[in-house]
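Asks: Kindly produce the complete structure, drawing on both the sequences and the hints.
Residue-level listing of the chains:
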Amino acid sequence: MSKFTKKKSGELPAVNTASLPDIVFMLLFFFMVVTVLRNNNLLVKNELPKADQVEKLKKDRSVYIFAGKPSARYQDKYGKEGKIQIGDKYTDVSNLKAALTEARAKLLPELQDKVMVALKVDKETNTGLVTDIKQELRDLNMLKLIYITAPGTEIEN
Amino acid sequence: MARRATPEVNAGSMADIAFLLLIFFLVTTTIEKDKGIARQLPPNEEVTDPPIIKQKNLFIVNVNKNDQLLVEDKLMELKDLRQAAIDFLDNGGAPAGSPERCNYCKGKRLPESSDNPDKAVVSVQNHRLTSYKMYISVQNELVAAYNHLRNRESQRLYGWDFTEMKKDLDEANYQGNEEELQTKLENIQKLFPLKLSEAEPKKSGQ
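Line by line, the protein sequences are chains A and B. Residue numbers are given in this note's numbering: position 29 of the first sequence equals residue 35, and the series is strictly consecutive. Residue numbers are given in this note's numbering: position 96 of the second sequence equals residue 87, and the series is strictly consecutive.
It is worth saying that the hints were derived from the structure and are not from the lab. These numbers were taken from a predicted model, which means no experiment stands behind them. It cannot be assumed that every hint is accurate.
[To be verified] Here are a few chain A residues that face chain B, going by a calculated C-beta distance under 8 angstroms: (1) Leu34; (2) Leu48; (3) Ala124.
Here a beta-carbon is modelled for each residue, glycine too, at the ideal position from N, C-alpha and C.
Replies: Next up, the structure:
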């Protein structure tokens, strides 16, 4: 009978924390894998305009173009006019084609035809610069583009 | 040689080290989610004979260098643009009985506004000095007008929102027949095809 009666031990057993490092390591590896360290060093001011009618960008097939005023620390050297940045350096509208072709060549070969250009343009840039970029894209026959925006809307309620 | 038992390494602080690394990665991680307004540019080729668009089927949005809107020759606030575009697209002004008659339009059917959504073209003209912020806002409002009408039609025909289903399909969240959904989405796109034209921006002084 006394088989079923619990043995009474007054103290609570200590919680076994031996597997805690394993759990933490698992989380650690997860975050290490998903972390993307910023690979573009931004040379331009990049405050995106807001929009809410948005679609998601397919990252594997996109080429990024940044545009905007040079960042504060480069303004002495490059002035305050809007500039285009591809990769890690400033690009002129006239060099845009070469830079874009180069950027496209870095994509997977099977995705190069489906390339999508992601425009990250600062909200205080003039539209003229964007139009120049678009004209070059049309010449290159890279016709899909996406204006990257921040969530929200510009209309104040 | 006397064999000595190697003393066990104390692993008690391993959790602390791992926590430290974990917190570092937690803090530095930015899971980037880039979203934006997608657009297809017109191919760069000479158009031999451009189609003639009637004035009433054109909805002209003009943005000047001070970010002011001129819609159909009237000054307009940005917040009114969406409704104005919806009214224009949904007008369905073709006379009853004609093949161009739009059966699903719920607009005012004014004869001086667009015939049907298929013919209606929105034309945006920017000045080169228009700010990009304004440009995106205008595009956003116009896309919103199209989405509003497409959602209305998909609710009527299939009972779901066009934008939400499209999002599900893009993110591969849709459980069901994807091809069927794709054709349904295309049907709705055909009811309200996105016809947004962008004129070359005017230079100052023109």
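Asks: Does the structure break any of the earlier hints, and which numbers would those be?
Replies: 2
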